[in-house]
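Enquirer: Letter by letter, the chains look like this.
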Amino acid sequence: MTDTSKIKVSIRGLYKIFGAKPKEALTNVKDGLGKPELLDQHGHVLGLQDINVDMQEGEITVIMGLSGSGKSTLIRHLNRLIEPTDGEILVDGEDVLAYGEKKLHTLRQNTMSMVFQKFALFPHRTVLQNAGMARRVRGEDAASADKEGRKWLKRVGLEGYEDKYPNQLSGGMQQRVGIARALASDSEIMLMDEAFSALDPLIRTDMQDLLLELQRELHKTIVFITHDLDEALKLADHLVILKDGAIVQQGEPQEILLNPNDPYIMDFISDINRARVLRVRSVMDATTTAGVDISGDVEADANLESVIAMSGGDTTKHYRVMKDGKQIGLLHMQDLVRALVPVIAPEHDDRAA
Amino acid sequence: MAIYDGIFKTLGLSDWCATEDTGGPMTMAELLAQANNGGGDADGAEAVAEATPLLETPFPSLDVLHKSCGSVPRTRDMTSAVEEAFLNVKDGMKVVLDPLTQPLSWLLDASLAGFQATPWFIMIPLLMLLTYYASRSWSVLALVTGSFLFMAFIDHYNYAIQTLSIIFVCTIFCVALGVPIGIAMSKSNTMQRITIPILDMLQTLPTFVYLIPLIFLFSVTESKLYGIAIILYAIVPVIRLTDLGIRLVDKDVIEAADAFGMNSWQKLTGVQIPLALPNIMAGINQTIMMSLAMVVIASLVSAPGLGVLVLRGINNLELGVGLVSGFCIVLLAVLLDRSTKAALGRINASEK
Ligand SMILES: Nc1ncnc2c1ncn2[C@@H]1O[C@H](COP(=O)(O)OP(=O)(O)OP(=O)(O)O)[C@@H](O)[C@H]1O
Ligand SMILES: [Mg+2]
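Protein sequences appear in the order of chains H and Z. Numbered by numbering that gives the first Met the number 0, the letters in the first sequence go through residues 0 to 352 in order. Numbered by numbering that gives the first Met the number 0, the letters in the second sequence go through residues 0 to 351 in order.
Source of the hints: derived by calculation from the structure; they are not laboratory data. Nothing false has been slipped in among the hints.
Below, a list of computed lysine-lysine pairs in the DSS-like style, where the Cα atoms sit at most 30 Å apart:
1. Z/Lys186 / Z/Lys340
2. Z/Lys250 / H/Lys242
3. Z/Lys250 / H/Lys150
4. H/Lys163 / H/Lys146
5. H/Lys102 / H/Lys5
6. H/Lys34 / Z/Lys250
7. Z/Lys266 / H/Lys150
Have a look at the derived ranges for each label pair, beta carbon to beta carbon:
8. H/Gly67 / Z/Gly344: 39 to 49 Å
9. H/Glu23 / Z/Arg192: 26 to 36 Å
10. Z/Ala332 / H/Glu23: 51 to 61 Å
Covered by chain Z, per the in silico footprint, the following chain H stretches (three or more residues, Cβ under 8 Å):
11. 101 to 109
12. 127 to 141
Only a predicted model underlies this, so the values are computations on that prediction, with no experimental measurement involved. Ideal placement from N, C-alpha and C gives every residue a C-beta, glycine not left out.
Produce the complete structure using the sequences and hints provided.
Expert: Printed below as a string of structure tokens:
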């Protein structure tokens with residue numbers, strides 16, 4: 000969110016085509032052939048097309064899209080579990096695609112760690128060995144790996160489970176091990192592919208809170224994948240919405256909510272509780288001039304729901320918006336109420352495509 | 000003249016048949032055959048001269064065609080040519096194979112000597128200890144102990160120990176060769192495509208069929224002869240199940256290993272083999288059972304052990320000897336199966 004932050008990961012013009020002759024299909028795609036036509040006419044699957052994303056250091060970038068939209072394909076390009084058909088991936092300004100095997104291993108061992116939807120823990124290793132796995136792979140000795148493993152297991156609330164095997168743990172606990180395993184590698188970038196999708200709603204909320212709490216402390220660059228809009232809005236600093244392998248819109252989540260640029264996204268966001276998701280800062284009038292008839296102070300990051308509760312439903316009130324003890328704007332309840340009305344997609348007929 | 004004469008004539012091959020018949024260098028065997036056949040041919044000619052009834056038309060096999068055309072080889076010529084060819088490459092193969100397989104002979108002999116030199120009152124407790132260590136099961140231990148005491152009591156201990164020694168060495172070889180082959184198969188689809196037909200062949204070929212070339216390649220006095228026969232037969236399941244086991248390892252887990260930057264060696268030793276271990280162990284169990292089956296047959300080519308007694312039972316019609324030693328083999332099979340299965344169960348349990 001801070002303007003001074005630097006770009007940690009940058010994806011430039013990324014294409015991925017699955018099939019026997021991806022390079023040939025690529026020229027067709029660049030000439031404007033769509034996903035269904037490509038499949039019909041050439042028998043190739045268009046995985047990703049012309050993806051451009053900048054991921055800021057210390058931020059959570061959430062990639063959201065429906066099943067089959069190419070989310071997993073995209074995240075696996077970052078550590079090259081999948082090779083792109085075309086494009087560039089820059090990490091700290093270095094082109095990852097130019098890496099040889101050795102450098103790639105180093106990148107995966109030191110710079111990136113990953114959390115998986117199905118946990119993917121080693122079933123034949125104890126929880127502690129799993130947690131310290133990244134360090135063992137790097138060649139560190141067992142003592143230091145165990146020390147880090149123990150530390151992070153404790154941090155995710157799994158103290159006392161060190162000697163258990165993964166299958167003796169519940170799903171939520173297993174994913175905590177997955178997170179501890181990623182954290183223990185001390186990598187700057189964390190890739191999370193639907194990390195919480197396999198968990199039931201309550202545990203899921205817990206895990207989201209845990210992640211946010213850890214993030215406040217660690218400031219990692221996190222790439223988080225989800226198909227759940229509420230989860231995306233809760234976690235995202237930067238939201239990327241994918242459809243059929245292409246980006247439909249990306250930006251600050253609040254911004255997308257207030258100004259969706261595509262019927263697909265309007266549909267997507269029409270069902271959410273906007274009062275709970277939208278923040279005061281997104282609907283306020285940014286000004287430092289003292290307003291008239293002020294009923295009180297609200298925090299910039301408070302959600303609209305809390306302000307409505309505070310106002311008792313009175314739409315004529317005005318509030319002073321505060322951040323770090325200073326006024327950064329004025330909130331007029333009328334604007335607030337207006338923001339609660341979702342932007343409606345103009346024509347609904349073509350959405351079944 | 001014979002029945003297919005006409006065909007050779009119409010094809011204009013009469014000259015070829017006639018000239019080739021007499022010319023060219025011939026082996027002694029061929030000359031003899033020729034001489035015998037000459038007489039036969041004349042008789043035949045008279046016999047068929049009348050007319051061959053249509054229903055009795057013989058299949059145009061090598062032997063029949065030879066009657067019409069001397070330069071077509073007979074089946075016996077063909078088999079002797081195969082033999083010739085085999086004998087020709089044999090020496091070359093021997094030069095390569097002999098030193099390669101020599102360690103097998105040494106190990107088999109050393110192990111036999113070792114097993115037999117160990118007195119029974121050390122050997123049996125040793126086996127008991129090993130059984131318990133592998134299986135951690137009192138019932139299996141009781142079975143093993145009981146069986147060996149029984150066999151010792153009826154004076155079959157020595158034979159049983161010989162059989163056990165051979166199985167022991169052959170299983171080691173099967174695992175040492177089979178697991179790497181299985182791993183290679185799991186890594187490369189081409190390798191798998193090449194190997195599977197060979198494994199199919201090894202498994203379906205009747206054992207006697209490959210005993211024959213082996214007898215010519217290696218002398219019957221060498222222990223590696225039966226060693227190789229057993230290994231060729233018993234190695235198949237280890238290879239198959241290693242390949243299968245590694246291919247069955249959860250893709251997600253492999254992906255995690257990749258994502259954390261494991262190299263292929265770390266993946267193999269740290270993830271794939273440990274997770275394939277239950278399958279590999281099942282393969283080893285099968286291998287042990289198959290080497291036991293083969294060690295009995297291999298007594299035909301001088302493998303010592305219980306098979307020798309079975310053979311004696313057959314040769315001398317000593318029904319009792321054959322039946323009792325057969326029973327001992329069953330006993331051995333059961334106890335080997337039970338103890339390896341118990342060990343396998345233990346591995347499965349620790350992983351689940
Ligand atoms: N190896 C492959 N070969 C062919 N097509 C593939 C391959 N992997 C993925 N695809 C295709 O690429 C598209 C995107 O798949 P991907 O797994 O990235 O979707 P996703 O957004 O992660 O979906 P989900 O939410 O179900 O995980 C799909 O149409 C899929 O069929
Ligand atoms: Mg996916």
